[in-house]
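Participant: Generate coordinates for the entire structure from the input sequences, incorporating the hints supplied.
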Amino acid sequence: MRVLGLVKKEVVSHFRRVDASVWTTFSSAALTVLGAVIIAALIGYVTYTVDSKMLEAASSSAPYLIALFLFIFAAFNCVDGALRARRTFYSESDREIVNPLPYKPYEIVLSKTIFLWLYQIAEGALLSLPVLLVFGINRDYGAGYYVVSVIYCLVIPTMVTGASLILSVVFQWVYRWMRGHDLIQFLLAAVVVVGLCFIYALFLRLFLASLSQESDISGALPGAFMENLEHITSFMPPVYHFIDLWISGAHQFVNIMVLLLCGLALPAGGYFLSLWYYQRWDRGLGSRIKARRNRTYPAFTNLLRKELILLFKDSPSIFSYTSLLIMMPFLGYVVISAFNAILGTNMSVVLNYYPLLTEIIDVALILLFVSIINSSASLSLTREGRGLAVYKTLPVSPWMTIASKISVPSALSAFSLIVTLAVLGGLGELSGASIGVCLGGGLLLILAQNFLGIELDVYDRGYGRVRLSFLASICSILIPLVASLGGFLGIFLGWSTALIYAFIFLVLAAFSAIPLILTCRLRRLFVNMEAM
Amino acid sequence: MENANVTLENTPALAISELTKAYGKQVVIRDLNLTVERGEVFGFIGRNGTGKSTTIGCMVGLKPFKKGRILIGGHDIQQDTIEAKKLLGYVPSEPACYEMMTGREFLSFIASAFGLTAEAFDTRIQELVARFDFNPIDLDRRIGHYSLGMKQKISLMSALVHDPLLWVLDEPTIGLDAPATAELAHTLRQQAKEGRSVFITSHSIEFVARCCDRVAILAQENVARIVDLRGGETFADLKLAYDTICLHHSEAQA
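Just so you know, the sequences run in chain order F and X.
Per this note's numbering, residue 1 is the first one in the first sequence, and the count goes up by one each step.
Per this note's numbering, residue 533 is the first one in the second sequence, and the count goes up by one each step.
Worth double-checking, as some hints may not be accurate.
Claimed, not checked - Beta-carbon label-pair distances, calculated as ranges:
(1) X:D672 with F:L273: 44 to 54 angstroms
(2) X:T649 with F:N528: 26 to 36 angstroms
(3) F:I97 with X:A662: 45 to 55 angstroms
(4) X:D672 with F:V482: 48 to 58 angstroms
(5) X:D672 with F:S473: 33 to 43 angstroms
(6) X:R762 with F:S397: 51 to 61 angstroms
(7) F:L4 with X:D672: 31 to 41 angstroms
(8) F:P105 with X:R757: 52 to 62 angstroms
(9) F:S473 with X:R757: 46 to 56 angstroms
(10) F:S397 with X:R757: 38 to 48 angstroms
(11) X:D709 with F:V11: 32 to 42 angstroms
Claimed, not checked - Non-contacting residues of chain F with respect to chain X, defined by C-beta distances greater than 10 angstroms in every case (computed):
(12) C153
(13) R305
(14) L351
No lab work stands behind these hints, which were simulated from the structure alone.
Small disclaimer: the values here were computed from a predicted structure and weren't measured.
Glycine is no exception: its CB is placed at the ideal position from the N, C-alpha and C atoms.
Facilitator: Next up, the structure:
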């Protein structure tokens, strides 16, 4: 009962927001359920189309493709669970509350483990159950199949919980070690983002291929991969062994032994390793922090450093801007190449009449990407948070402050855009004219958005009765869309290529000119801004 | 340090004249006049909503105002902003630090903004760590992981890192334990002894009485009375004046 009380505390602290009204709680829960249903429906749909095509092709690899899907979901659950476990186990604020209470460390660790296990079951069921259900429905399996499906959703998450606990200890160790190594943090984040992009690319190709009635699903995956799927999935314990035992009934002894080993060793190993490391962390062992040198910087460099710290070390900025910035070249390539391939295959007739259509879609997508990503960093005074109260008391000229706030996100976004265009141009996905328009228009958009962000921020702090910062997000979508729609209109009206690109650029330039012209008032507005 | 030398000689640390601050038609401060001499610890007390924080906001450049003048060491905060700000150290009522920075990064940021050299910063940080009994190991932890008391200490240290002429503190005792509060009172007096000035608001009359030379009691948009604790008036006089003014204010509002 004591442990259950702690489990309840974990559930409440994870899901209940402080000061949330009944309406907020209800709407938040409703949105979560809706999101879960959409994800489950999407997974079910993709699985259905992929599996149906595999069945039509009478492919013997079908069960192993399902095993691949389930393993990817299990791996995702494992990493996600490890991140959640790290936050759950090694929280300073939680330690301050729980430590004075009369609980033994094994009870605290057990309660957190039970909470994580329950979470894994829910998350695992959300991702895996649609795959299993579709697979069964496609083959008219009986009730026994569905019972085993439910067992799968209990057994595999138990093993995944154990693995995620082991991984969380590794994450915590790496996290502690990396605290003093900023460059390694950045490089690791870049590697993770690139990895995520490749996974995303795989799913995007599958999804787009599944949308197309004519396309062959195997085209979305390398041929050698499909031929060796059974062999490849055999290295994916324990999902493969569960599926193999269940579907083919072969290698029973080996499969049962692997499942037993994973079922016992992973949860037990995860629990005891977490208990050991939690006690070590609780006693403050291994928390040596390397003392840094006391340094100072010239005024402008100092402001630039601060902006970089806000963008690269603040969680909201990392997830809304920095990681997307690193991701953009990969994401841009993945999406543009997939669109080009699908449009080239399925809309060849339309493209015969309107050959520029693909290029304008590509331009629209790139402008949208750069605009949306950059807009998340454009409200640079909001990003200050409570620090604004100190920031405005510093003896620094307003223009230097504004310049530092504009230049850091502008330079980062521009660099990401240039790399994206270089990748797309180098791999032959974009024409020279498209690159020119994207570069010119994109740079203008970036600069204008960052000025607009400060202008809206300043306006919201004391000048306007209505808050206007939401306009930053709206403009980031609207302006590239309007410019691109003009381009599409030009295609259908039969304008020349040069005229279409000139029109897109002029529309972007016209919109961008507004915030740039308003900068003549910016210094006075900034000085007179209420910052308290 | 060198920043203090920027000040014009023989001018008060703070001179407020005819300050009026309004939000639309609602006047918060009307024709306020105050002077804080060099080497003086000046208290500023009043009930909630009487305009203490607004006055501080105007003094440190966070709130613009249309009427009146505020001089910091002889420099106008609205006309000669940068020179005036160089003489100020401001501690907000809630610690306003960048939580993703370490304590050392934050102090370095503030020191760099005030133009300190690495050597001066190094010396200063060692003094401050010792004065506020701050564990040096914690300087390399993120501020987001600090307790409220530690955040308050970092906020106090950041406002002193450049050795300002005028130290402005808005409710600085919130979050501090008893020893840290006593140390703060000692530091305030120490600043005054060294020729610096302190402007402090607090809800604790005892704390203000313990460390201030003069205390202004704010009521109804202006200073109702200034109690001179170094000129012969006592804690009892301050308490009586405060209670009387607050009672009068309540009756006027009723």
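Participant: With reference to the structure, classify each hint as holding or not holding.
Facilitator: Against the structure, the hints:
1. X:D672 with F:L273: 44 to 54 angstroms: This hint is violated: roughly 28 angstroms between Cβ atoms.
2. X:T649 with F:N528: 26 to 36 angstroms: At roughly 33 angstroms between Cβ atoms, F:N528 and X:T649 fall inside 26 to 36 angstroms, so the hint holds.
3. F:I97 with X:A662: 45 to 55 angstroms: 32 angstroms Cβ-Cβ, so the 45 to 55 angstroms window is violated.
4. X:D672 with F:V482: 48 to 58 angstroms: Holds - the Cβ-Cβ distance for X:D672 and F:V482, about 49 angstroms, lies within 48 to 58 angstroms.
5. X:D672 with F:S473: 33 to 43 angstroms: 37 angstroms, holds
6. X:R762 with F:S397: 51 to 61 angstroms: Hint violated: Cβ distance 39 angstroms, outside 51 to 61 angstroms.
7. F:L4 with X:D672: 31 to 41 angstroms: Taking Cβ atoms as reference, F:L4 and X:D672 lie about 39 angstroms apart, which means the hint holds.
8. F:P105 with X:R757: 52 to 62 angstroms: Cβ of F:P105 to Cβ of X:R757: about 58 angstroms, so the range 52 to 62 angstroms holds.
9. F:S473 with X:R757: 46 to 56 angstroms: The hint (46 to 56 angstroms, Cβ to Cβ) holds, given that F:S473 and X:R757 are roughly 51 angstroms apart.
10. F:S397 with X:R757: 38 to 48 angstroms: 40 angstroms, holds
11. X:D709 with F:V11: 32 to 42 angstroms: The hinted range 32 to 42 angstroms holds for X:D709 and F:V11, with Cβ atoms some 33 angstroms apart.
12. C153: With a cut-off of 10 angstroms, F:C153 remains clear of chain X, as the shortest Cβ separation is near 37 angstroms.
13. R305: 7 angstroms, violated
14. L351: Label holds. Min Cβ-Cβ 48 angstroms, cutoff 10 angstroms.
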